[in-house]
Each structure stands twice: as structure tokens, then as C-alpha cells.
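Student: Could you slot chain B onto chain A? The hints should help.
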Amino acid sequence: MRTNNMPMRGGPRGRQGMVGKKKLNMGALKRVIKMLYGYYPVLLPVAVGCIIFAAITSSIPAIFQQQVIASIENWFSTRDWASAKGEIIPKVAILAGLYVLSFIAVVVQTQLMAIITQGFLGKMRKTMFNGMQNLPIKYFDTNKHGDIMSHYTNDIDTLRQLVSQSIPALLQSIIIVVSVFSIMLWYSVWMTMVVIAGVVVMFFVTKVIGGGSAKYFIRQQRAIGKTEGFIQEMMSGQKVVKVFNHEKHAQADFDKINDALYEDSSRAHAYANCLGPIIQNIGNILYVVIATVGGLLLLSGAKNFSISGMAFEISIIVPFLNMTKQFTGNVNQVSQQINSIVMGLAGAERIFALMDTEPETDDGYVTLVNAEIDKDGNITETKKRTGIWAWKHPHREDGTVTYTRLAGDVRLFDVDFGYVPEKTVLHNIDVYAEPGQKVAFVGATGAGKTTITNLINRFYDIADGKIRYDGININKIKKSDLRRSLGIVLQETNLFTGTVMENIRYGRLDATDEECIEAARLSGADDFISRLPAGYDTELSNNGSNLSQGQRQLIAIARAAVADPPVMILDEATSSIDTRTEAIVSKGMDRLMQGRTVFVIAHRLSTVKNSDVIMVLEQGRIIERGSHDALIAQKGKYYQLYTGAFELE
Amino acid sequence: MIKTLAKSIREYKLPSILTLIFIMGEVLIEVYIPFITADLVNSIKASAPIETVVKTGLYLGLMAVLSLCCGGIAGFTCAKASAGFAKNLRHDMFSKIQRYSFGNIDKFSSTSLVTRLTTDVTNVQQSYMMIIRTAVRSPMMFIFSIIMAYRMGGTLATTFVVVVPVLLFGLLFVARKAMPAFRRVFKKYDRLNESIEENVRGMRVVKGFSREEYEKKKFGDAADDIAGDFTKAERIVVLNAPLMQFCLYFNMVFVLTVGSYLAISSGGTKIDVGQISAMLTYGMQILMSLMMLSMIYVMITMSLESMKRICEVLREEPTLTNPQNAVSAVADGSVTFENVSFKYSKKAKRYSLENVNLNIKSGMTVGIIGGTGSGKSSLVQLIPRLYDVTDGCVKVGGRDVKEYDIKALRDSVAMVLQKNQLFSGTIKENLRWGNETATDEEIAEVCRLSQADEFISTFPDGYDTYIEQGGSNVSGGQKQRLCIARALLKKPKILILDDSTSAVDTKTDAFIRKGFKEFIPETTKFIIAQRIASVEDADLIIVMENGKIADAGTHDELLGTSQIYREVYEQQTNGGDSDEN
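Residue numbers (my numbering), protein chains in the order written: chain A, 1 to 649; chain B, 1 to 581.
Isolated chain A (complex conformation):
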């Protein structure tokens, strides 16, 4: 999937920004500039200096142009080039000199801006990504993934536009407008007034037409959204369409939506297309008006009113005409750039919102360390990997440190929890899992099974009650160490781009190839991996789309296995493995669970049957608990589920 935008790709999303509420967010602008300056305290001022210099040097030449023409006028009737040369050549030389300077300034400015822009974007991406890594799971649960992604694609794009083009262009245009305006006043106030009147007309026209265009662009955007939704649904259901001979209907429905999109799109673009020629020709008319007015003034011998005190001359009118074009052109630039600056700042604001989101806090001070145990059972800390782990617990009051061996004893006492404070989804949950025990959660979707596991690894924090890991309050344990001691395999498997080996090693970065293969063997994944074309070196991409769902789950299990944690959470870990394959891997799973504390969530009761304790959850409460046999004897909900009288949905 291509998510990026090439430099000039407008794309429908870009348009959307344009037609949004027009308000210049000065706060965001300040912050962008501050960040730019922070990153490039030398380059940025130099670049800005060059922009200003280039802008000035591109407006001053008008004066020299005028002087050269004035000289031509003077020497015109003499036909004496040899004498005229002395006056004209130096002026042209100054002009040429200015041009050379301006040229150098432009080279420096554009090169610097290229470096600054791309460097800035790179740093922004990193800042965003690093910030994102520190955000709590809640952020990812409550924000659409597409929206988060668009910060990295669309918003970064608008930011690029803002920094590399809009801001420099705006700065440049403003300077040119100001300097041309001064020069015009220098020559003639009256004629300047005429130009200003013209500009006012232009603004008015832009507002009217731009408004119409914006209205239809909004409608086009809506129509695009509708079309996309329809297409998405139809394309993913195309096979159903075929099976039901529904092609003609689908086509008819599509054409209706498609026609509506055409109407809005063609109107929106018509307005936008007309604006250019209209503005340009108003410019032309203004040019004519200036020429005529100038001519009239000149011929009527009216008195000029100017800063320079010059009288009307042909040598004023000619450069004035060129300045008119330059002036109106740049005034238009300013009004256009403001649009894209508003758009860019909206993107910047969204990025800042992501960067400003409160990160996940971690006040834990109990850490996980490698340990050695001597004959007397004393635990000492060591640097080398011993395979034995201990919780290092510094006590604040007396400054002592105690070590507790990592065993995998997890207990929940009277836990309440709600994703939002108003709605409690778990009530009075008590779970005792001793080292090596297998605890299963059974219940309908939404009963709270996964929520419990979210609390154990502190993806979310409990509202009330206590959770103890090896007797330590999990709030005291450093989050990364807590999670390191828990292996999770989720129903929705997420693999990363890279080889199969790399994906397994994700569980423990210093695992050797042999250890990874051993983990795969243990979890029953080795069999299919070795049959892949490149075995463990097979490249996975797009979340392992070249594998079946079951195979992906097996790799995820191997990934957790290589981490070799004392506690494992298997959330529907084998749900996508078909029953035939499950029969084959079940032995491996049993081996994997051996000697560990395991929390299992499964729809298939066959997977949970041999658990030490089975908890049946309903609407956030544990309604039954006990071993399989005990629960069957109880003839309650579990019995109903087991005998298939009840649907787990």
C-alpha cells in the first residue's frame, strides 16, 4: 500500500485540509519555528537571511531597469552609442551585480532549506515515534490506527509543505510586496493608489470564487468518502456478489454514487480552475488601467505626487507596469500561502497533540536481575545470565535491599476495573495462580477475560483491589521488568517485517539461532517453518501475509517460548489453528506450559479442560470456578457450554 505523497501530490486529503476552518494557529506556528531554530540555530538564520536578501534583490532591480530606460530616453535622439555607453553600462553592471548576489542567495537559501526541511522532518518522525512508544496501551485502544498513521503520512506531508514552501514563500512574498510597494510610492503615489484599488478587487473576487470552490470541495470530499466506503465494501465482498449474481445491482448502486461524485468534483474544480485566469486577467486589466492612467497623467501634464519628488516621465511608467505585475503576483502569493499555512499548521497541531499525549508512567522500582543461589538459599545478584532471576526490592525506609526469587506466583485480590471510570467492567475478581498452575478463563465475548490479563501486565491499572506478583505489589515493579517476566500470545497475531528467525528472536534479543529453533520445535512451529522455501530465513512482510493464520499463531507462540518467562498469558492463542493441526501441536503446547504459571483464554473448551482452575466469567464477574470435573458436576454454566447447549458469543 502506498501511503506517502510525492512532493506535489495534492490528494483528496490535502484538499480536505484546505476547506477546513480557516484560522491561523499562532501557537503552533511559534512552536514550529522554535523547534526549527532549536535544531538549526545556525543554518536557519542564514537561510532566513538569504530569503530576505533574495527577496530584496529581486525587487530593487526595477529601479535600475527604470534608470537604464531613462538613459535610453536621454540618448535616444543622439544616436550616439559611444557616449551613451558611459552612462548605461555602469547601470547595467550594477544590475548584473545585484542579480549575481540574488542568484547566490537563492542557491544558498534553497539548499539550506532542503537540508533543514528534511532534517526537521526526520527529527519530527523520530520524536513522534519515540513519544508513541512511551504511550500507554489505552492510547492505541482508543485511537483508530488509521488516524495514528495519518500523523506520520498526511500530517508530516503538510508539515513539509509548510516548512519547505509555504513559510519561505510567504516571507519572500511579504518582503517583495513591501519593497515593491515602497518603490511604487517612491515613483508615484497616485498610480500606487490605482494598483491598490486593483488588488482590492482581486481579493474580493478570490473570496467569492474561493468560497464557492471550498463549498464544493467539502461536498466532493464527502462524496469521495461515500464512494470509498461503498467500494471497500463491494471489493471485499466481491465473491459474495458473484455467488449471488448480484453484479448488475452492484453496478447500478455504484453508478449512482459515482455520478454524484462527478457532479461535486466537476463543480469544485471548475471554480478552482476559473480563479487562475480571472485573477490573471484582472492583473492584465489593471496593467492596462495603469498604462492608460499613466499615459493620461503624462499627457495631461498633471502634477506627480511621490516620495522621490519625480515628475511623470515615461521612465516611471514603464517600470511601474512591471512592478504592477510583480506586486499583484506576490499579493496573490500571500493569500494563497496563507491557505496552505493554515493547512500546514493544522497538521502540525495534530502532530503536537500526539507528542503532547501523556506518556505511560512508571514509578516501579522493583527490578528483575540475574541471580545466583548458594547452598543456603541466599540469593545474590550477578551480572551474568544464570537462568535464575530475582526481584530486587530496595526498601525506602531503611535503605535495605531484599531479593525474591522469580517464581511466577500471581494473585488478584478483589480487583475492580473499568476502562472509563463510570463503567466498571470487572467486579471483585479474585484469582490465585501458584507457580506452575494453569488457570483458564471462559466466558462470552465482553465478559472481561482479556481485561484481566491486561491488568496483570499493567497495560491498564486497576481501580481497586490488589495484584501481587511473587508477593510484590505489581505497582512497585518496573513495568518493563514485569512484562519481561510475562509471555503473551494474543489471538490477533502481530508479526514484524523481517525473517522468521528475527521474529522468533523478538522474544529474547540475545537468543542464539539454536535457542530460537528449539523454541519453535517446542511450540510445534518448526515443522512448517523448515518446509518454507527459505526455512528460518524466509522473509515475512505485511504481518506475515504469506503464512496462514494458524502458522502465524505458531510463530507467535515460539516467540513467547524463546523468552522463557515464568508466567504465560495465552489469549486465544490457538483459535485459528484448525482442529486437525491443533491435535498435532497440542503436545507442544503442553510441553510449553510445563512448569509455568499459565493463564489461558480459549473458546475451545478442549484447550482449557486440563487446567487446574477454570473461571467462568459473566459480565465482569466470576460466576463459577473449579476444575473441569468439579464444574461438570456442578451442572452450571460451564456444563451448558461443555455440552454445547450454549453459544459463546
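None of these hints come from the bench; they were simulated from the model.
Heads up, a few of these hints could be off.
What the hints assert, rightly or not - Computed cross-link-like contacts, EDC-like style, restricted to lysine to aspartate or glutamate with a CA-CA straight-line distance of at most 20 Å:
(1) K325/A x D39/B
(2) K144/A x E197/B
(3) K96/B x E247/A
(4) K428/B x E233/A
(5) K216/B x D362/A
(6) K609/A x E567/B
(7) K256/A x E11/B
(8) K248/A x D405/B
(9) K402/B x D391/B
(10) K587/A x E567/B
(11) K476/A x D409/A
To be verified - A partial selection of chain A residues facing chain B, derived with a Cβ cut-off under 8 Å:
(12) R79
(13) G237
(14) F254
(15) A563
This one's a predicted model, so the numbers in the text were calculated from it and none came from an experiment.
Think of the CB as a built atom: it goes at the ideal place given N, C-alpha and C, for glycine as much as any other residue.
Tutor: Chain B in isolation, oriented as in the chain A frame:
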């Protein structure tokens, strides 16, 4: 490629051509304007009578108004033409996709089709607009400006002999250098964004393994690498600005120096002040038009990729064709496979089905069981001719499926696909896919049969309940039962359920099968399932393994003869399976 796309312009040829004509008009006028302006300047300078000045001024104003009209109309027709072209492209692609067979559909992922129909078409629309407006405008502007400049400036116009090639080659050089550089970076950039997406999606894994710092480091390196590449590419592209500036400045200095020499030495006979300022304007127009051309070049190259992707869709030929003199009625629900072998694409090395022979009498219930990839779905998909066999022959109602009219065949063979889907709309609307003219009573009847009526009637809006996109507001089991109801509404001679009750509890599943037996006994039923319980009372159970029929028989027979069947059975009964996924 252009030819394929151009077919979709159709009724928008007229606005396209009008655009070209009006743009031409606009250019002609625009090029003429400096010419008159020079007159105006000269007449002011020569202290001509005021009437002459005003007259020339009015004349110029008229020109500007004309140019405005041309430009405005062209803007309008151009928008119409390009939006219409886009509309036709979407229509053509959509209708082509409707004609696709399953084989064609498999080639494109649904997300890629969505992109092709939306983003790619938008890109082409933009380029088309650009082409009919600017691609004509710029070269014309260029040519006319050169002509006018020569007519007016004479020797002064030699400046363009220097400037034009410099700018042209410069722009081409930049475009040539920058394009591949950008293409390379964008590939990397795509990968970077993919890895961000992976992170966002897999954040539970990242955090679960405490890999935040590892991911930051990995991303940091990649981001730095890309920032470096982007900078390199951008530094080439931005050379355009100084290049343009250089040419403009050169032109100015040249025109002023040589112009003043010519003007003074000839006493205004060769050239005049008006002409000199007009030459400056023409210089600007010429250089600007070259700049625009290079932008078009970049734009078109960029949308080439989109064009290619659209063409792929348009050029893809449906792999299944309706026979001539097609048979339009299916006699009965009997199904025969004769030495059927099948693979999904010609290139595939492995056959998905090998040498399958089957003989199913009308009204039988056939259960199919087997692991993932054993060929269960492939087998049943051949019956409604969703794919054509590679070898052998599939017969329905005693005739080769290739002899039937495809629509007629599929109306008689209802299939509930494994990857099923409901569409946004009410339950009733969804069910009527099976039969448009079904009465409410008929709908309720099939829903009772598929055990869907019970839960539908608990909904406040009953059969008018709105199903959200993708059926997200009904549970998996409910969705499956609705899909079965939809298929039943066809009153098919053959009904195929491809793992269609996996999310339905065993009791309801049993009710559904009981209903089938009682109410549609004459319909041939194929049931693919993971659960032995779902097939154990079938007349014939087929055990698939590696694309072959490993064993076949009744439940009791298979328990005795089939090792695979027995293994699965034991695993499930032992576990007391309440299979749910």
C-alpha cells in the same frame, strides 16, 4: 496504455476538445497583449494624442476580458472533462471487476482494488486536467512567445538561443536526476511507514516484550537514513529555482544592454523602449512555460504508476466465459466429479485438487472434513463454477457445468462462503440478495430454517435492523445464520456451506441440520466443517488430505477405516469440543 485509458473519455471528448480550443484562444490573446502594450507604451512616450492612448487602452482591456472568458470557460470545460473522465474510469473498472471470475479476483487484493478505484483514479484525473490545460498551453505559449519576440525584437530575440537551451537542459537534468532518487526514497519511505503501522498495530506485542527502546533504535536508524536520502533528492530538485532565476536575469541583462545599444544607435528605428519592455515580458512567458513543461513531465511520470495500475484492472480478461447456446435450467441436484484436477493458477506448482472422483445423487447430504489447505473449499467451489477445472469435468444435473449459463447455474447452486459478508443495509435488504422479490413471509420462513428468526425478533427493529458495514453489529454466529438464510432464499437445488456454522453453538447447529433434512430434503447439501458433530449424520462424509480424497463413507464406516477421521474424532470428543472461531 494510453489507448486503454483513452477509451474511457467517451462523452467527455467534447469538453476536452473545447478546453483545448479555449486554451488556445487564451494563449493567443495573452501572447498578443504585450504586443499591444508595447504600442501603448510607445504612444504614451511619443506623446500621441490622448484619444490614441485611450483607444489602445480600451483595445487592451477588451483583449483581457476576452482572455478572461476563454480562460474561465476552459477552466469549466476542463473540470467537467477530467471529472467525467474519472467517473468513466471508475465506472469501467467497476463494471470490469463485476465481470471478473474468482480467479481474477484472487489476483488483486481487495485493498489494492480500492486504491486503484480511488487514489489512482484521482491521480489520473489530476494529470488529465493538467494535460489538457497546461500541456497545450505551455508549448503554445512557448512557440507564440518566441515568434512574437522575433517579430518584435529582431536580433534581441537571440537571447533565447542562449537561455532556452540552458533552461531546457537544466530542467531535464534536474528531473532526470531527481526522479529516480525520489522513487528510491519513496520506496524506503513506504517501508518505513509500514513498519510504523506494524508498531501501531502490534503495540501490545512491543510493550508485552518491553521492546520500546529496541524499536526506537531501529526506527531512529531508518528515519535518519531516509532523512539523508530525502535531503539528497530534494537538494537536486531545488536547483530548479536558481536555474530559472539565472535564465531570467541573463535575459534581463542581455535585453537591456543590447536593447539600449540597438535603440540608441538606430535612434529608435530598429527597436524602441516599448519593445524592450515587451521583450522582458516575453522572456518571462517563455521561461515560465518551460518551467511548467518540466512540472508536467514530473506530474505525468508520477501518475504513470497509477495509470499502469488502472490499466491492469481494465485489461484483465475474465477467465470464465459464458458458453454460447448456454443451458438455462439445471435438471436436478446431482453432482459428479470425473477425474478432476485443479490448481488456482497456471503457474502454481502444486495441484489443489488431484484426481477427484465423486458421484453425489440429488438430495444427498455430504459432509467434508480435513485440515487447512487440504482442498475442501477448492472442491466445492468447482460446483457453482467459481473456478474452472484444470483437468477432468464437473457435472451438475448430468451436464458439464461449462454448458450452463453461469447465472442460471449459480442460481441453482447456492453457496455460503467461508469468508462471508453482509452488506450495509437492513437485514431484509441483505436477505433479498438471495431473491429480490421474496415476500416477508418467505424471508421469515428461511430465517426460521436457519435459526436466525429467533434472534432477529429480539432486535427492536426486527427484520429492519440496520446491518453496519462488515456486519459489525451482529455476532459471528448470527452473521453465519443470516448468510445461510440468504442462500436458502434462492431455493437452490444444491446448497453448499463452507465452514458456515463454525461460530454457531452445537445445539443450534444441530437444529439447522435437522431443519434441512425436514424442509429441504430434495436439495443436495454439502457441508464443510471443522466439527465432526456437524457432519456425522451425513449420507456421505469425505475426508480430504493434500488435495485428494483420503477416505469417504458414513460416520460409522470411517471410524473403522479412516485413521485421520478417527484421530480428529477422538481429539474432539475427548475435549468435549465446543468449537468456536
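Student: Quick one: which hint numbers does this structure break? Sort them smallest to largest.
Tutor: none
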